Structure formats: structure tokens, C-alpha cells
Amino acid sequence: MSLHARPPEFRMSLPPRLAALAIFALAVPASAADWVHWRGPEGTGQSRETGLPGDFDPAQKAAGNVVWQAPFGGRSTPLVMGGRVYILQGTGTGLGEAEQVVCVEEATGKPLWTYRVNVFHTDIVSTRVGWPPLTADPATGNVFVQTTAGLFLCLDKAGKVVWQKSLTEEYGRASGYGGRLPAPIFDEATGLVIAPMVSSSWGDFARGANRFVAFDGKTGEVAWWNDTMNPSKETYCSHPVIAVIGGQRLLLSGGSDGYLHAIKARTGEKAWSYQFSSGAINGSPVVDGNLIYCGHGDENPEGAPYGRIICVDGSQVDPKTKRPKLVWDTHKRAYKANKGRPLSSRFGLASVALADGRLYAPDDTGDLYAFNAKTGEMLWKYHYATEVRGSPLVADGKLYIFDVKSKLVILTLDGDKKPDELNTFEYQFREPRGVYSETNGTPIAVNGRVYFVSAASLWCLGKAEGDASKPDARPHRPAPTEPAKVAYKQSPPETPLDPGAAPAGVRLFPADVVATPGQAVKFSLKFYDANGRDLPTPADVKAEWSVVTPAKTPTGAQPPPLAGKLDGAGAEGTVTLGPLPSQQGYVEAKVGDKAARARVRMAGRVPFKQDFEKLPAGASPGGWVNTNGKFVVEKLPDGNTVLAKTNNDPRPPLAKANAYITMPNATGYTIQADLMGTQVRGGMPDIGVINNRYTLVLDGKTDPAVNSRSWRLVSWEARPRVALQENVNWAPGTWYTAKLTVELKATVATVRGKIWEKGKPEPEKWTFEFEDPSPNREGSAGLYGYVTNASATELGANGYYDNVSVTPNDKK
Amino acid sequence: MTAFLTPGRSRLAGLLALVGGVGLTLTVADRSLPTVAADPARSDSAMFGGTPARNMVNLVDKGVPAKFGVDDGSSVLWKADLGSKAYGGPTIAGGRVYVGTNNQKPRNERDVARNKEGEIEPIDKGVLMCFDEKSGKFLWQAVHAKLESGRVNDWPEEGVCSTPTVDGDKVYYVSNRCAVVCLDAAGLANGNQGVQGEKLKDDTDADVLWEFDMMKELRVFPHNMSAGCPLVVGDVLYVITGNGVDDGHINIPSPEAPSFIALDKNTGKLLWKNNAPGKNVMHGQWSNPAYAEINGVRQIVFGGGDGWLRGFVPETGEELWRFDANPKDAVYELGGTGTRSDFIGTPVVYDNKIYIGVGQDPEHSTGVAHFWCVSPTKKGDISPTVEAGKTADGKPAEKPNPNACVAWHFGGEETRKWSQREFKFGRTMSTACIVDDILYISELQGYLHCMNAKTGEHYWQYDTKASIWGSPYYADGKVFLATDSGDLFAFKHEKAPKTFDELDIQAANLKDARLKIKDKRKQLEDAVLLGKTEFDAPIRSTPIVANGVVYVMTEKTLYALKTK
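Residue numbers (our numbering), protein chains in the order written: chain A, 1 to 812; chain B, 813 to 1376.
Hints are not guaranteed to be accurate.
Unchecked claim - Covered by chain B, according to a simulated footprint, are these stretches of chain A (three or more residues, beta-carbon under 8 Å): (1) 184-197; (2) 328-334; (3) 383-390; (4) 400-406; (5) 553-567; (6) 601-615.
To be verified - Below are the DMTMM-like pairs computed for lysine to aspartate or glutamate, each with C-alpha atoms no more than 25 Å apart in a straight line: (7) Lys-417(A) - Glu-1199(B); (8) Lys-339(A) - Glu-1269(B); (9) Lys-928(B) - Asp-313(A); (10) Lys-552(A) - Asp-498(A); (11) Lys-381(A) - Glu-1337(B); (12) Lys-418(A) - Asp-1299(B); (13) Lys-1330(B) - Glu-234(A); (14) Lys-1332(B) - Asp-611(A); (15) Lys-218(A) - Asp-313(A); (16) Lys-1211(B) - Glu-1145(B); (17) Lys-526(A) - Asp-57(A); (18) Lys-1277(B) - Glu-431(A); (19) Lys-381(A) - Glu-1175(B); (20) Lys-336(A) - Glu-269(A); (21) Lys-928(B) - Glu-234(A); (22) Lys-322(A) - Asp-1299(B); (23) Lys-418(A) - Glu-1234(B); (24) Lys-322(A) - Glu-613(A); (25) Lys-489(A) - Asp-356(A); (26) Lys-381(A) - Asp-1299(B); (27) Lys-489(A) - Glu-726(A); (28) Lys-1330(B) - Glu-431(A); (29) Lys-61(A) - Glu-1234(B); (30) Lys-1028(B) - Glu-188(A); (31) Lys-320(A) - Asp-57(A); (32) Lys-1328(B) - Glu-1175(B).
Simulated from the structure, these hints should not be mistaken for lab results.
Just so we're clear, the structure is a prediction, and the values are computed from it rather than from any experiment.
Backbone N, C-alpha and C define an ideal beta-carbon position, used for all residues, glycine too.
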């Protein structure tokens, strides 16, 4: 957590008062402070602003404490930086439905720019897009965001892409369908931006798990990965915080595995983990000194009843169990207010807030609990809503929080006493009929103003000057010097670096790369101390570099090591990959008893061909993402070696999967593959090919209304944005050839797909030919498979793929 | 089924009695299954809604207080620990009490495992528990493993959500594995009957008589949870299969699988199936069938996942009528925004009419909804309107249906100035309770509505300020309603309720309006609220009165509370 109370250019060099003067002198707008972590400068949900409005009425505009209202609604939490407000939101309708980052002027709400992206390869539906908060680097003015489709964007002040990743197509990110996605966090001290996700990609990361990846904020290079190693209970949205505890810089987050995780922010190594739920953790932790607070609303590992709030001391980690000391736990404590029983409720979706020694915890059904943060004693419980997903903001003696049912509630806090209902302000938002009307966001308060999103608007509230009942009352504008008075608690410093310390470990940078054949990829070996800080590299370091043979897969297949040339002796190593269609593996450097690994992948490139004949049965193609464990090479009785969709596990992420072959920036290509499905217990698979985030599917289910199976062309199927269908009773046990091509034009794209029986002449006519006015402009080539009828004891239907080719459109 | 008590309607009671092959006395007909060997001294609640009419009323028990001593134990006859979530039941029949819950309070040490941290952790299971009615003693339990496919078909920790139906010495319910299960009410205590291959055979395990796996036999793809409460009429069991969408929420993997089925109650053999909603299922299907005889026409009424209500010939599954419970221009939107809904509540049969409100998965929150009184006297499409091309903006247009069978409707938009929301009636998970021609229906957002069952006249609405998953329940001149905040409300039932319209105010501004609405609400509260009892956990079930005992099932505890 760090201080963003002044513009970055002054932060390091000038004392606060001088900085304030400087702002004044340079006529920098009054809005001088930043709010770049969704819970504020202290990461606790507390704002130290004063003079904030306790009520508002948009009909009275400024006199009603509404400074401005901009037509950008949604469900995310606003971010304020450098005089601008940023949100992520869903936008558009029909084929134009998309998601965008919106940037408006802080003083006026005037739109400055929007950056629009499509939604694809996700089960998240339109009303749930744009939920995770953004993060930002105040030094560069860059904002970072994870979109619903899994695009990880670094945008500059002007809304231009600095760098981007497709988490879904590059790292096998799973989105689930509820829209609950964890937000990234930028760490000023390290310059890293850390993206949490549930993923399943390749090699040792093919296993579905909650992982964290740290990108260099300026370049997007991967600095480290953290694999929690535990299976995910489901997708989750605990947004991380960064804090220094015991002199060590830690990333703290609830996990999709039911644990509270502490990860060393500089290296990604696990510091400790603490299991306190049987389900996923959606609430975010808050930190106060060494104490960490977090809640959850699922079952508890030790049994009924569900939900709890815990407080652990991160500076007291048991050397044996490697778990932090539990300070209090509502599930293990007697509550007077609860007749001496422990307390449990669904603290499921909202996060706790901490302010002035009190912890505020909303449960899912609208009770707000206040605890003495030190002791865990319950102070009061206040019922304010019927359904809750947004988190509280505590500021200026008030608590701002949303009811999902289109309502903002402002409580007047009264210390340890329960707030008086008569002093509570409630505002019911009224959206036009048929418009999404939920309120799921979290308010923020910075520069004397309160910001939040309702379903249809972005709001800025500020106390009116003078007599609020008079129409000429003006919104309160904080004096330029005012932000400097707002002092936030700073995180304690890290233990000072001792350059002469013995190294605690070594790491390779970058930690994960995608390379092309013949490209020389350089790795640096870095030594670090116990707190993960880089030590000077010894001049005469002797390192043993190798391309290691990976561990066998669960199916018993032995993946080969990287094929290529490796040069390395000292602190630098270079790998040059050989000309395979695609491959994956690891580069390792050993120094004494310490070893570091980097992940190396050679993705498929256009043109690409794979007939699977050279791959051993039981393996899966190297270099593809989200393929290991979901697709497997199989030799059919006729001697033909093909790729098969696995059909032994009905869990959705395994039953239904996209195998990504190329990098996401591939475009202007045609994918063709032979596909075959079998019928098992009346069921057939869905099989298909993917081009530019469009999927051409042979759909195996029979629609009883027309008594037919179908072929379909889809994009963002959960919406669905694109969904074309032809009723065709395609036959089990017959090979078909599917061809999908996307022709990009200036603003539109023509998507063409055809399917015909293999061996027969290719038909002239396209099965689907469709102009997308809001096209996907690039995307990984891939294969799609879905088997719905596997069970614990019975295999489902088979889906097979053969002769996959990806060719550039201009060389047809 | 209050219809039984009305002079001139005894023909139906007689017929039902004939169907079941047992005689019924008029006074207990309302509380008894047609096929239960009824003890006239008892007021069992042997199924969801008490009777095949599903009307949430008890006309037998007296002396039920409006408030209970729970904390001081003064009202508590006994209480039993359940899991962490309990959504099935309670069913009270034949001296036993049945509850569907999860395994968070394991009753068998076999059903736990050591986790990675070395701690003992309950294994997630669906559990049907059986207790002794008098003492609350735990007798036996049916324990079901979770489905391998996970939350898409069988949501973690939701347990058994079906309210069991007891018919004689047999217990019927739908397990979390989407199987219709028939158990021996006596458990294994009287030996192992029926299926002999049960994997779990400890003393407290269930005695399975037969099981019908709807996923395996019919390729049903249940969405998130199977919660069907069986209806038994004569020798036939009717249940909704729960067929629905997959985790992508658009695709129905088995559009050809049936939504409504009839089984032989003795053997579990499939008698008929119907997949009328087909690919038009919007989400899942969690309503329940009711039995009706409308002007002499015997029928099974099913609410489908397409938002249509249908009547079927009990023996053949032939469709008698169908009714669209949403306006034609209503649209279903994923995630809850839309205006078209399906049914979570169950149709209630009262005085030759069918009563039901539309709703959605509670995760979708509230939204505009409709409550219907349908008088299905005609065949075919009896919806209020039929489609008539498209409007100028491309939406489906509608025109009156000459074949319509609507007695009345409540809901739609609320446009009055000081209303806090845009609709009159929000989505409901509740089933109506009708007594003395007065109807009570609650909705997810916490409102209880009181209306005239004959005319639809709206008397009042009370805001409990908490989500409601259960239903209003009538007993002894009071209407009980339990909420997510763990509050049990008791309202005064009146044959001629006064009207309280909180929006019928003259206000200068919003603040003034709020004060006036508050005042109106206070007046209503003074007039109708008799008592409120607080429990220490959310209540997502319906309070039930049976044999002089009030049963309140919180998410984790079953309370048996004294009346007099």
C-alpha cells in the first residue's frame, strides 16, 4: 500500500506542504490525489477525506450534492488518477455488444476516451461483464485491466495500448460464468503488475489451479509465476493487496482454493497459506500492520455452519505448520450478542472494511456486522439490504454501501454504537424498463468527492456550498491545498537490503516466454535475498544451464525436453529453438544447490500443419495451450493417429475446452481440420475449429422440435453475440472437413465457414457467410471440443480431430 | 385442498379417495394424501404444500402462538442439528420427520476425510435425514455422493433440496444426483427391502426400495441442482426432471430429454414423459407438479422452465392446456436483467383455479414479475394473449387470446410517483397460501402480498426487509412467513382485510414521501403483524404445523416448537 496523495512527480522529492504549493503554483487542478487501489491508499476501504455528502438528489443537481453524472454505468469500482476517473463497463447491444475502459475528466465527468474490446471465449453473460476493478501506475499514468474475455491491457493516458496479453489464449485462464474475476494489482515498489487467475495452460501448469503471474509493468515480460498448487473450488474474485509484514513485501489474497495466500511480491514464492474455507474466497483481505482480516461465505473445513471472518497475524508464522497465528475467528469465539455461540454468516461476496479500529463486514443478505478489530468482539449488526455484492466505503463518519437491488445506502456511523436508522440515507436508482438495474459496485472517496457506478451512470458527489435548499448552491470544490491534509497511513518499510547477504535463492528473468524457431531468447540469472530483493550478481558466477526433461504427465506420457540450442555459463543463458511446428519446455540454471527455471513455449505459427502421426499415443501436442489433459493423441483401430477430446470427466472445464494452437495475435488466416464424432448412449460430442475467436461447431445434440443435429457459427456463445445455425443431421462415425476463414476489412470482417464430408469434393458454397460489423480482429487458431455425457463410471461420446492446417489467407 | 371442505365439492374428495383406495374423513381430507392411510386425529404434512393441491394451509391445528420462546427454550420441544444448509422439507408423516440437507454435521464418521492440512473435514454429500416425530431422535439417513460433474449439475454443499413425499410406509424424493428415490420409511430397522445392493448399509443408513436415475435413463441434464418434490396420486408419481442449460447458460445439452415424467410409484417404472419446454427451457426447472380436478377434469399441472404452465391427463401425459405466464414481449436475459421468468414456486389449486407467480434463480435477484389466477376451463393455448407479428421496433406484438382462461393477474409495471421500484410484483420463489378466499404470496425481495383470491383485489403488502425463499403458511388464523434474516413473522389473517396502500399518499418531496410511506407501513404493521421470532440462522424453508407442533427449519437446525 502506498501513498498517492500527490502527483507522482512531486511525491519523492518534496515534503507535503511544498508539494501542495507546487501544485498550486503550477495550476494543477485541485483534484490532486489518486485512488488506484479499489479499496483506497490503505487498501482497507477507508477514505480519510472529510466534508463528504451524506445524501444526494440528482433532481437538484449541484444543490443536491451531485457534481456530475456521466452515462457510464456498470458494476466495477472507479479508479481516480491524475485528474481522471476510469471504469470498466459493458457497452453496446446486439452484434455491437462489447466491453470498454472509460476515462473521464475528474472535475467534470467529460469523456476523454474509451477503449473498446470484444467479449469472447467466456461463459460470462452481458449483465456480468466489467466487474473487476482496474489498477494503475501513477508514475507512468498507465492503467491495467483484466477484461471479461481475459485480455490483460496496459493502456496509457491517451487510451493507447502499451502492451497486452490474452490470458485466456496464452495462459488458459478460466472465467467461469458469474463474472467474478480477480483484479490485477500494480506494485509501485517493484514495478510489477500482478494478475491473479484460475488457469490451466501446459506442462506443470496444465493442472487447473489458482495462479498469479507478475508482469513487468512497462513491458509485460513475465517476472514470476506463483502456483497455489491446490485445486480450485470455483472461480473467485478476491482482489489482492500488497503489504509489508515482518519487513517482507507480500501479496495477500484469498484464493479459489479456500486459502488466504501470502506470496512474496518480488519473487512469487509462497510465504504462507492458511485454509479457512471449503469453498472459494471472494472477499478481499485488508491489512493493518501485521494483522490480516478476511471473510468467506462458504462451508468451513471443519463443518457446519458456513461462513466466518478471521484475523491472522502475518508476522507470527509457525515454523512447523507454516501457518500464521490465528488472532480471532468468528467461528471459534463466543458472542454475547449471539447467546454465547460462535458467529457465522455468509460473508461471501463483499469484502470487509477497516477503519478506526473497527472491522465492517457485510454478509450476502444485507446485515452489516461491526467488530472490534483487535478482539473480534461484535459491536453491532445493522440490516440495510436484501442482497449484497458491493463492499463498504468508510469515510467522514459515514459508511457507503450498495444493495444489489438498485440502492445506495449511506449510514451515519456512531462509534461502537449501532447506527441510528433515522440518520440513514437511502437512494433508490430507477433505470428505464428492461435496462439492467442492479448495483454491485463499491464507492470510493477522494479529493472531497464520492464516486461510484450505478447500473446506468458514473456518479460524482460533492457537498454543495451554501444553503443546499437554494437552487444557486454550488458543488463544494476543495481548495487546492486540501488534498495534502489528507494523510494516509503508510505501510512499514521493508527490511533494508544487505548487498553482502548470502543469496536465499535464484530466479530466471523472464520467467515465461513464447519464442519462434531460430529466435535467440536471453535469460538472466538473478540472485535474491530472503525478502526477494535482487542482490548484486557475483562477477564470476558459475551456473549450469540445461533444458530439463519434464516430469511425466498423469497419463504416463514422457514429454520431450525443448529441442534447440542452449548457450549459457555465467549469469546469462540463451536458448535458440529448433524448427518444430510447436513445442514447450523449461530452461534451468543451477548454481550450487539452488536452481531456477523458466517456461518456454513455441506456439504454432501460420502456416501450421499437424496430422498427429509423429506424436505418441497418450501425449498431447506441445506448445498448445489448454490442451494437456483435455485433448489426447489416440491411435484409432484403422491405424490413423488423431487428436481426441478427452471423454472421461464431466466437470465443465474438462468436458468443454478450447485448445489454442497459435498466439492470439494471429489473424488473416484460414483453419481447416477433419472432425469426427461417435455416438455413445445416444449422445454425441460438439466438435469444432476456432479462428479469430469465432468457433465453427458440429453440434452433437438433437433438437426435438426439428429432430435434427446442427452446425453452428458462434462468438461469445454465452451472450450469444454471434449465433448462426444450420440444421444438419451430421452422422456419427463419419469424418467431416471443417473450414473457417475470417477476412478483415477496414471496419468489418467477413466470416465464412463450411463443413463437408471428408473425401467428397469441397462445396463451392459456404455454409455460413456473415459480415460482423463489430469483428474480432485477431485470435488464436484452435480446436473446440465438448463431451456432455461422461460420468464417473462411463466414458462419454468421442470427438476426433485430424489434419489440422492453418494457412494465411493471401496464399490460398 | 380447501376445496374439499366446501359443500358441493365432496365429489372430488370422494374421487381422490377412490383413486387411493382408502376412505377419508372430510375433516382431514385437506391434510392427507389420497393414498395415505389417514389417521383422523393427525394433521401430517406428508409432502410439499401438505396436499396435492399444494396450498400452504393447515386448517386443523389450533392454539398456534404468534411468537415462540426459542432463545429461552420455553417453546422448544426438541431441536436437531442439520448440515449447514437445509432446503428440503420438513415433511412430517407417520410419526417421523424428514429433512433434506448437506453433510456439514456428519452423522456417520464414515463421511469425513482428512484434508491437506491434516484436519478432519466433512465430505460434501446430499443427505436426507429422518427423525422421530415425538423425541427428535435421529433415526436414519440417506447419504448421496455428489455428482462427478460438479456444480453445473449438483451445486456444492446444497445437499438434498427436494421436500420428500411420504405415502404410507414409503418416502419419495429427488436426490442431488437427479434420481427419484423411493425409501422404506422404517429404514433398515425392519430389514432390507427392495434394492439389495445398497453400498451404505450401516444401521443408520437408508433402505432403498427403488431408484430411477433421470440422468442415466432419460439423459436429463439438471442445471445446478435437482430439487423436484414428487406428487403421488393413486399409484403414480409425478415429478419435474430439472432438465436445463449447461454451465455456459445458453446451451441445453439434452433438449430431447423430458421435463415432466410419471413413474409407477411401486416399481419406479417410467409411465410417460413429456419434453414440452424442449429447447425453450431458459435456465433450470425447480417447480413442482400439483393435482387438480377442474370442473371434473382430472389433471396434473406442471410449471415449465419456459415460463409456461401446462395441464396434463394424469394417465397419459396428453396435454390439456398451456398457459404463457409472461407477456409476449418479455425477454429472458442471462444474469437476471430480463422481463421473462420461469417458475420456482409451485402451482396451487383452489376453487377450480390455479394460482402461481413467476420467478427465477435467486442469484438473478428480483425483477418485474406476474402472479396469475388461471381458470383452465378450455383446451389448447389458454394464455391471456397470443403473438400477433412484430411491433415497429421488432418486438413480438400480442393480441387478446379468444381462448384465454385468466381469472385475474397481479403485477407488471408500477408507475406511481413515490414507488421505490418499477414493478408491482417481484420475482417469487414462493408458493401461495389461500384461505377463506384470501391469498397470501411472498416474493424474493421480502414483500408479503395479501389479495382477494377470487378477484385479485390487492389489500396490502408488508416488507420483511429480507429475502424470502420459503412460502407463507396458514395455521390457526395466522399466516407465518420466514426470511433469510432468520425472522419468523406471524400475521393476522382476516376474512375481510382492510386496504393499506403505501403509495396512496400526497407528498411534497421525496423526504416527505418517505415519512408518509413509513407512517403507512407502521399503520399496517400495527394492524397485521402479530409477532416476530428471531432465529440464529437464515430460514429458507416454509414453517409447517403438524400434529400440534410447529416446525421451523433454519439452514442448520430443525426446531419442533410447542403450540398451546
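* Are there hints from earlier that the structure breaks, and if so, what are their numbers? -> When the structure is compared with the hints, numbers 1, 2, 5, 6, 7, 8, 10, 13, 14, 15, 17, 20, 22, 23, 24, 27, 30, 31 and 32 turn out to be violated.
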